[in-house]
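Chains as they are written, first to last, in the numbering used here: chain A, 1 to 67; chain B, 68 to 558.
No lab work stands behind these hints: they were computed from the structure.
This structure is a prediction, so every number in the text was calculated from the model and none was measured.
Please note: incorrect hints may appear among the correct ones.
Stated by the list, open to error - In silico lysine-lysine, DSSO-like type, Cα no more than 27 angstroms apart, as pairs:
1. B/Lys136 to A/Lys25
2. B/Lys331 to A/Lys25
3. B/Lys331 to A/Lys62
Unchecked claim - Pulled a few chain B residues facing chain A out of the computed Cβ check, cut under 8 angstroms:
4. Tyr155
5. Ala337
6. Phe419
Every residue gets a Cβ at the ideal spot worked out from N, C-alpha and C, and that includes glycine.
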Amino acid sequence: MVKLIYFLSFIPFIGMLGFLPLANKVEPLVLGMPFIMFWMALWVILTSVVIGVIYKLDPRNKEVNSK
Amino acid sequence: MNAAIYIILGFLLLALYLGIQSKKGKKMDLEEWAVGGRSFGTVFVFLLMAGEAYTTFTFLGASSWAYDKGGPSLYILAYLSLYYVIMYWLYPAVWKYGKEHKLVSQSDFFSKKFNSPYLGVLASVIAVVSMIPYIVLQLKGLGLIVSVASYGAISSTLAIWIGAIVVTIYVMISGIHGSAWTAVIKDIMIFGIVLFIGIYIPIHYYGGIGDMFRTVQEAKPGFLVLPDKGLSLSWFISTVIVTVLGSFTWPHIFAASYAAKSAKTIRKNAIINPLYTLMILFIFFVGTAAILQVPNLDNPDLTLLTMSKNTFDPWFVGLIGSAGLLTALVPGSMLLINSSTSLSRNVYKVLFPKTTDKQISNLSKILIPIIALVCVYFTLNGGQGIVVLLLLAYDFIAQLLPPVVFSFMKKGIVTKYGAAAGMIVGVLLVAIINLTGTTMGSLFPFLPQVMKDLSIGMIALILNIAVMLLVSLLTKNLAASSNVKGETQST
Numbered sequence: 001m002v003k004l005i006y007f008l009s010f011i012p013f014i015g016m017l018g019f020l021p022l023a024n025k026v027e028p029l030v031l032g033m034p035f036i037m038f039w040m041a042l043w044v045i046l047t048s049v050v051i052g053v054i055y056k057l058d059p060r061n062k063e064v065n066s067k
Numbered sequence: 068m069n070a071a072i073y074i075i076l077g078f079l080l081l082a083l084y085l086g087i088q089s090k091k092g093k094k095m096d097l098e099e100w101a102v103g104g105r106s107f108g109t110v111f112v113f114l115l116m117a118g119e120a121y122t123t124f125t126f127l128g129a130s131s132w133a134y135d136k137g138g139p140s141l142y143i144l145a146y147l148s149l150y151y152v153i154m155y156w157l158y159p160a161v162w163k164y165g166k167e168h169k170l171v172s173q174s175d176f177f178s179k180k181f182n183s184p185y186l187g188v189l190a191s192v193i194a195v196v197s198m199i200p201y202i203v204l205q206l207k208g209l210g211l212i213v214s215v216a217s218y219g220a221i222s223s224t225l226a227i228w229i230g231a232i233v234v235t236i237y238v239m240i241s242g243i244h245g246s247a248w249t250a251v252i253k254d255i256m257i258f259g260i261v262l263f264i265g266i267y268i269p270i271h272y273y274g275g276i277g278d279m280f281r282t283v284q285e286a287k288p289g290f291l292v293l294p295d296k297g298l299s300l301s302w303f304i305s306t307v308i309v310t311v312l313g314s315f316t317w318p319h320i321f322a323a324s325y326a327a328k329s330a331k332t333i334r335k336n337a338i339i340n341p342l343y344t345l346m347i348l349f350i351f352f353v354g355t356a357a358i359l360q361v362p363n364l365d366n367p368d369l370t371l372l373t374m375s376k377n378t379f380d381p382w383f384v385g386l387i388g389s390a391g392l393l394t395a396l397v398p399g400s401m402l403l404i405n406s407s408t409s410l411s412r413n414v415y416k417v418l419f420p421k422t423t424d425k426q427i428s429n430l431s432k433i434l435i436p437i438i439a440l441v442c443v444y445f446t447l448n449g450g451q452g453i454v455v456l457l458l459l460a461y462d463f464i465a466q467l468l469p470p471v472v473f474s475f476m477k478k479g480i481v482t483k484y485g486a487a488a489g490m491i492v493g494v495l496l497v498a499i500i501n502l503t504g505t506t507m508g509s510l511f512p513f514l515p516q517v518m519k520d521l522s523i524g525m526i527a528l529i530l531n532i533a534v535m536l537l538v539s540l541l542t543k544n545l546a547a548s549s550n551v552k553g554e555t556q557s558t
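Kindly generate the complete structure, drawing on both the sequences and the hints.
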């Protein structure tokens with residue numbers, strides 16, 4: 001489980017930075033934004049989601065008086 | 068006189084009032100003053116951490132980059148949200164160690180973890196040298212914002228003095244509680260104002276956000292994406308990574324993690340905080356709108372304020388100015404607290420070991436107006452030098468990261484000598500390269516463009532780690548052999 005959440009931590013980096021060569025374009029506009037801007041914004045939201053998932057899976061957060 | 072001045076002064080007084088009243092009912096020992104007695108819940112920790120996200124740099128800088136540089140401005144959004152992934156893993160560990168050893172400054176961490184007060188002194192020097200230009204930047208921003216938003220009625224110099232005095236008063240009285248309480252109004256205002264102007268301005272001038280980007284794309288093709296050279300993909304990725312790592316060791320944010328009630332509080336914050344950075348999109352919208360509306364601005368930092376003045380009534384410009392003012396005060400106050408505690412606990416106390424805790428606590432407060440004065444001096448007289456220092460500051464502060472990270476690994480791989488050598492080499496490399504205006508490209512002209520655009524901080528960081536590990540390896544043997552001889556090493 002701990003291995004999995006370490007791995008999950010890399011996903012936002014890979015998503016936001018790793019795909020940039022493909023996302024570095026204006027068209028198509030999504031929600032009015034250039035594609036690259038939309039891509040970044042999407043990954044900001046997914047970063048939050050990924051950290052949320054990590055939080056849920058992280059055994060340390062289940063202890064009542066977690067340290 | 069116009070409505071804007073009254074609104075700005077009103078908010079300044081409100082900030083002062085909130086800052087002072089936050090002391091109520093608290094015994095202000097150093098732990099309470101500097102890290103809120105380690106009692107802050109999710110909301111206050113959020114406000115303090117968001118203080119890093121919304122400084123005057125974000126307020127003025129994000130719009131200025133969108134206006135002046137276009138696509139590369141997105142690095143701000145990328146680093147601010149990725150930063151919270153690191154925060155999830157590292158700050159709870161820092162918090163835990165801080166609680167166990169009653170740490171109040173970042174330098175405390177270095178002296179305690181490596182059992183070497185002199186390493187604490189070194190960390191303090193690097194920290195303070197980096198924090199002062201950061202405070203100066205906040206004051207410069209504050210002066211700019213208030214003088215423009217008050218339509219020149221309050222001069223920049225006067226605004227800087229007033230801002231510095233207000234922040235000094237409430238920091239001396241309430242410490243980090245003052246920062247947290249002024250952050251409450253700051254974030255409420257930023258949220259409302261940024262959302263509103265970010266949507267209103269594109270619709271007002273272009274008919275919509277999509278129409279705006281399409282118009283800009285036609286007028287300046289390629290401006291909205293990353294270019295092939297200079298601020299290119301490899302610049303983007305390396306800068307984001309260094310800034311993410313570097314932001315982690317900004318002393319005021321590092322020490323803010325001590326203020327949390329529990330490790331869970333910090334982890335919860337890491338979930339929510341990235342969403343809050345989406346607000347920066349709306350600042351980008353304003354900056355983008357300005358590209359065709361107010362071309363040829365002399366000072367791109369004025370993008371957001373100029374657009375606001377062209378679009379709204381003075382009272383609303385006053386509100387925007389007030390929000391900008393608060394974005395300077397909150398991080399400014401946290402920077403002041405950490406500079407003074409580092410100097411008193413980690414430098415003065417090492418030089419004069421007989422100083423009592425009570426004296427250190429008093430000294431920390433007395434140092435606030437002194438540091439504030441130094442910062443005001445540099446703000447008013449610093450000229451270009453301070454800008455150079457600020458460029459260095461981010462790369463400097465990143466050099467503190469390797470010892471922190473490695474110190475959490477099992478079986479102390481890194482010795483205090485290794486930590487010190489790595490940090491010194493990293494900082495010197497950054498300083499020399501920046502002061503001589505060298506880039507990777509001019510140093511190694513044969514390198515491919517991808518390597519040429521790598522950020523200097525990244526190179527320094529790699530060298531720092533290499534030196535740190537090498538010296539640690541060597542001094543470990545040294546320590547071992549001296550143990551054989553039965554010598555005890557003093558720290």
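Taking the hints in turn, this is what the structure says about them:
1. Under the criterion of a C-alpha separation no larger than 27 angstroms, the hint pairing lysine 136 of chain B with lysine 25 of chain A is consistent with the structure, at around 15 angstroms.
2. Distance hint between lysine 331 of chain B and lysine 25 of chain A is unfulfilled; the C-alpha atoms sit about 39 angstroms from each other, more than 27 angstroms.
3. A threshold of 27 angstroms between alpha carbons decides the hint, and for lysine 331 of chain B with lysine 62 of chain A the separation of about 10 angstroms falls inside it, so the pair holds.
4. The interface hint given for tyrosine 155 of chain B holds, since its Cβ lies 6 angstroms from the closest Cβ of chain A, which is under the 8 angstroms cut-off.
5. Interface hint status for alanine 337 of chain B: upheld, as the beta-carbon distance to the closest one in chain A is roughly 5 angstroms, under 8 angstroms.
6. Look at phenylalanine 419 of chain B: its Cβ only gets to about 35 angstroms from chain A, farther than 8 angstroms, so that hint breaks.
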